[in-house]
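S.K.: Protein chains in written order, with the UniProt record's numbering: chain H, 1 to 473; chain C, 1 to 473; chain D, 1 to 473.
Calculated from the structure, these hints are not laboratory results.
There's no promise every hint is true.
Since copy identity is lost for identical chains, a pair holds within one copy or between any two.
[Claimed, not checked] In silico lysine-lysine, PhoX-like type, Cα no more than 20 angstroms apart, as pairs:
id	residue 1	residue 2
1	Lys233	Lys129
2	Lys321	Lys152
3	Lys388	Lys292
4	Lys173	Lys152
5	Lys292	Lys437
6	Lys321	Lys411
7	Lys331	Lys152
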Amino acid sequence: MPEEMKPESVLLHDLDSAAETDMLCIFGTGDLGRSLGLRLLQSGYRVVYGSRRPHSCGPLPPGAQVMNHVAAARSSSLIFICVHREHYGFLETLAPHLEEKVLVDLSNNLKKDVYPEANATYLQRLVPKATVVKGFNTLSAWALQNGLLAGKQVFLCGNSAEAKRAAADVATKLGLTVLDKGSLSAAREIEDFPLRLFPEWRLPLCVAVGLTAFFFFYLLIRDVIYAYVEQEKDISYRIMISLANKVFPIVSLIMLSLCYLPGVIAAFLQLYRGTKYKRFPDWLDRWMLCRKQMGLVALGFAFLHAIYTFVIPIRYSVRHKLISRVVDEMKENKTTPFYFDNTEAWGTDSFYVLGITGFFLYVLLALTSLPSVGGSLSWREFTFIQSKLGHLTLFICTAHGYVYGWNKFLKLSTYKWYTPPGYMLCLIVPSVVLVLKLLLLLPCVDRTLTRIRQGWERNQSKETVGDNKATNL
Amino acid sequence: MPEEMKPESVLLHDLDSAAETDMLCIFGTGDLGRSLGLRLLQSGYRVVYGSRRPHSCGPLPPGAQVMNHVAAARSSSLIFICVHREHYGFLETLAPHLEEKVLVDLSNNLKKDVYPEANATYLQRLVPKATVVKGFNTLSAWALQNGLLAGKQVFLCGNSAEAKRAAADVATKLGLTVLDKGSLSAAREIEDFPLRLFPEWRLPLCVAVGLTAFFFFYLLIRDVIYAYVEQEKDISYRIMISLANKVFPIVSLIMLSLCYLPGVIAAFLQLYRGTKYKRFPDWLDRWMLCRKQMGLVALGFAFLHAIYTFVIPIRYSVRHKLISRVVDEMKENKTTPFYFDNTEAWGTDSFYVLGITGFFLYVLLALTSLPSVGGSLSWREFTFIQSKLGHLTLFICTAHGYVYGWNKFLKLSTYKWYTPPGYMLCLIVPSVVLVLKLLLLLPCVDRTLTRIRQGWERNQSKETVGDNKATNL
Amino acid sequence: MPEEMKPESVLLHDLDSAAETDMLCIFGTGDLGRSLGLRLLQSGYRVVYGSRRPHSCGPLPPGAQVMNHVAAARSSSLIFICVHREHYGFLETLAPHLEEKVLVDLSNNLKKDVYPEANATYLQRLVPKATVVKGFNTLSAWALQNGLLAGKQVFLCGNSAEAKRAAADVATKLGLTVLDKGSLSAAREIEDFPLRLFPEWRLPLCVAVGLTAFFFFYLLIRDVIYAYVEQEKDISYRIMISLANKVFPIVSLIMLSLCYLPGVIAAFLQLYRGTKYKRFPDWLDRWMLCRKQMGLVALGFAFLHAIYTFVIPIRYSVRHKLISRVVDEMKENKTTPFYFDNTEAWGTDSFYVLGITGFFLYVLLALTSLPSVGGSLSWREFTFIQSKLGHLTLFICTAHGYVYGWNKFLKLSTYKWYTPPGYMLCLIVPSVVLVLKLLLLLPCVDRTLTRIRQGWERNQSKETVGDNKATNL
């Protein structure tokens, strides 16, 4: 009989002993402190709050204890500090009771660079004999309260590996994934994280704004002002749609090609250096890291271009032009203009088809860059989509541009005031990227590049490092 | 030599001892029972099935044992009950063998409110000396079988914290995230979960249907019936597209403003009460919880509006009107109508540009509400998108509405049968929301509100609670 | 005092003892080996690298040790093999030192079927006394380095359950989810996984290409070649857009109906067999597994159809036709053609409205098939969307097709060269699916089917299996 009782007693005993050790302490009974406590209790920890006024600190999650700071600190080796940095003072007076404790600093600031040192560094200075770990600060009280933690990532940093591991164990139990950012000197970076505002979008958006402004004024001069000066016609109404609908595709195409330019440059750099083990220059690294955002901004412009194109036929000016053209024709009793130009029909239709196909591929590329879609692709599939399909998209969109101007390149009237039209300017970068990419696809170049990317080095000492690298995954 | 063997032996021994304790029992060999057993085996547990006929219960996952219920129950302290509630009877007769066991009830019902008490409560009544935990019931056999558990959430509830922890440990090993719903009284809620059908979409859809119906009949009377009665023209063909294309943008704009109205009301309520620590009235809470769905329904209508607009020029009636207008003009030999109205061109083009921009921002808002995209944003980024960009979208779409009627507000002919046209009605709510939001942005109001949201209270007792709250995160 | 020190000492001691056992060994210092080591160190393991030249193997993650292979192997019971298969030779000579070790083989090949046996099987043959586990090979060095592991799935296979569990424990600590693929014979499948290129998209894409090609040539003959032969008109310019815009909706509708056909066939098969416990034929299984992809390809074609339709009015040939029609009318001084046909207006508008609604529902279906959206739906919600809404979409799109030809079915001129037009052909499959689905919805059929799907069997032996199954979940 005692033999048979054993299995279950083992498991239950296991629970009991766990309950003994897993006492966690939280300093601070604000929104974050309370939500964190609730979640810890739900994950099976016991929780004790440290408070200045244990008897009047408002509603706490059921099951949690409240004590004064000293008693609370004594009951656990891990203390979560959910207090504003401005009020850390009391921790200094508590310092003797915090010796050898792990203090997890969850604080955030409202703005960057308000204080000369990170909150966690400041805390470590106040309580030098405790071990401070910075982390968990990217969680919001709201997400904690609603249990939306599955798969979320938290950062940790600290000088003690053991202290970090204790904090990481708690995070893992909460269903979080931990990313170790190294020593406590990374605290500033971690504290700045919740304050960041689309840092990786900044460069692409700047490029987009710059290109848009340049081409807007360039086309404004060539189209509207030229017409006003030379032909004394006021066509300013065209600014809203016609002009915008020229600027958008131009910016979109250039930005799409800027997605693929750094990859091509990197490949040539690797070919020139004969190794992949040298770091790229900083500007290239930064450029490569924002390619996805660059492409999504390009898609935004392409999307606007598509919608602007769809509304063309319902515009007042377009309808007016259509009607007045018919009426004019009738009045002058011409019969010739109604000759149907087969080449023109083929040309414009090809132009539209290339545009539609390009837009379709654009959307496909954007869909696979959604985190949940991209995450379900194998590495080979992702590469296939982003590289092969990406370059195809660039090729088709560039062709879309060439077909637009196919019969205008050699006409003199195209070059108003000796300036080339916008679509010619915008074809330069994509054409360069495509030609360079084509060079890279030549069998001999491609073979060398593949070998370099598999770890081969041109100038390696015959025996040591290179050999090692070619062996290992 | 024995010194060197140590490290590896520690790890392997660890495995052995784990294998001893981690025996789990499953009652029921149906689809769910079998899939669960397969998954548990893959996660390293040993599995024993309890069955009435251990020798004829069909194919089970390889590695699992089958016994009669009594023997199976004896071998593990944790038993998964994968049996329909209708057949719980046999558990009552087993009760003596289930004492002190943890019974995890996975059952679901086919409909809501069939039984007076939750399945788990019923089970607890049948076997009072066991500890019942309700949970895992949101998993489908299909997801279990295909290992699609990563990051999924399961609910647990039960009266014993230890029993819940034992069940939660198993869930964590399976790669699931656990959300504790409290005591066994929450079992009903957990059992209803798999039966819910878009509960958070109900209110937005009701509002949408109500608004659509109202504006449809309102415009039907003003447009079609008015024309029939007063001018004896049959323009019923307009119902399909022209009328719908008036109703859609109206409903879309109103629903978008209804997304932002509760936030504004909440802010004024907080200002009036001088604290954020009082609960909002229930209706406001419910309203705020379905803002996302409200916005997505609004986008749906905006999407329909966009497509309806794009097909305008290919409609038979529109082409007919265009042609007959030209022909009429020619016959009467007028020359004046072909005067190009620059203001009209600017007006309609601005109207289209505002609409396109608004739609573009709409889509952007919707994209960030995708779980995988929103989850990758920091709190500040999410707030920026949903609040700043959201109000901008509302502003632009409202402007789109104003520009539509810019020259019609003062014309008497606009007010057929003394009723205002639909677009005027739909501008009321958005205008109110925008004006209120503007008031909130005034520096003095904004400052007070920010302080309140950081925990400050106007009528606080100087010393205790408020001070505490301002200190803590 | 010693009483009070206890809680914290327990936790810290726990860390120390863990640190003693959790030593892991990595053979290979390439990109993958280094990234894996970095991640393991971050998760709290101690890492030792085995290298042929411990003193010149390049930069390793800080905190890791490097030794020669023998010493490294001795220090851990679990060894990650991050070496190309081509260089496994040295492991054979190491075999005596690898006895009873768990070797986790992470290697991938560059192409399928290069070697007669899987890398892991080859490794097991070289080192027969070690226990080989295949796995982790779907991780890229890039994902490891950037900590993008949350919620990712890795496959494991191996002949020893204990060895697999040791590897699985490491994976769990890294935040990965483990899917056990069984014995080492599954290694080939796991090694082929990173090389797969959209296997589940192959069948849908083949069907799409086949249908597109067939209908393209069919319509080319009926439209362009017929006009050239019979009427001696060159309307080849229509190929680019008009013809494509007929092919796309046809293929889209057929593929949408092919999404729902296998479900209907399966239901009839279950009705015929009277049980759900017999496996479907292989072709049906394969078909059902690619329904989602089938539907997404159908949406792609519908999307193209929509955009092709939107650009119609800005095409040169359409404008030309419009203008020349007006001019022709005027010249011949007709007055009758401008009669407004109310039926025609209703017909075309209904046609457009059905198309728009169908497209809208299409997009809705596609959105819920996004992993992150679908994952947040309950089983009942997912079924509601994919089945109810899916069949509604099919019904509306089919109606769209019928309305297109509503007044042409009985005209003889429709059947050029005695062939039916494309849209008639494309209505066959959807109509069949809808009729069959309607049959399944008949109360008597539906009741039987529901019972079968709940486990009831028509020809069951009264007492044993069936009863069992009806009892269990």
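S.K.: Now look at each hint and say whether the structure bears it out.
M.R.: Here's how the hints hold up against the structure:
For the identical chains of this complex, Lys233 and Lys129 are neighbours neither inside a copy (80 angstroms) nor across copies (90 angstroms), given an alpha-carbon limit of 20 angstroms. Neither within a single protomer nor between protomers do Lys321 and Lys152 lie at most 20 angstroms apart by alpha-carbon distance, with minima of 57 angstroms and 58 angstroms respectively. Only within a single protomer do Lys388 and Lys292 lie at most 20 angstroms apart by alpha-carbon distance; the minimum there is 15 angstroms, versus 24 angstroms between protomers. Within a single copy, Lys173 and Lys152 get their C-alpha atoms as close as 12 angstroms, and across copies as close as 15 angstroms, so both meet the 20 angstroms cut-off.
Proximity of Lys292 to Lys437 under the C-alpha cut-off of 20 angstroms is restricted to the intra-copy arrangement: shortest distance 19 angstroms within a copy versus 35 angstroms between copies. Taking the closest pair of Cα atoms, Lys321 and Lys411 never come within 20 angstroms of each other, the shortest separation being 24 angstroms inside a single copy and 28 angstroms across copies. Taking CA atoms no more than 20 angstroms apart as the test, Lys331 paired with Lys152 passes in neither setting, with 72 angstroms inside one copy and 72 angstroms between copies.
In the structure shown, a violation is registered for the earlier hints numbered 1, 2, 6, 7, in ascending order.
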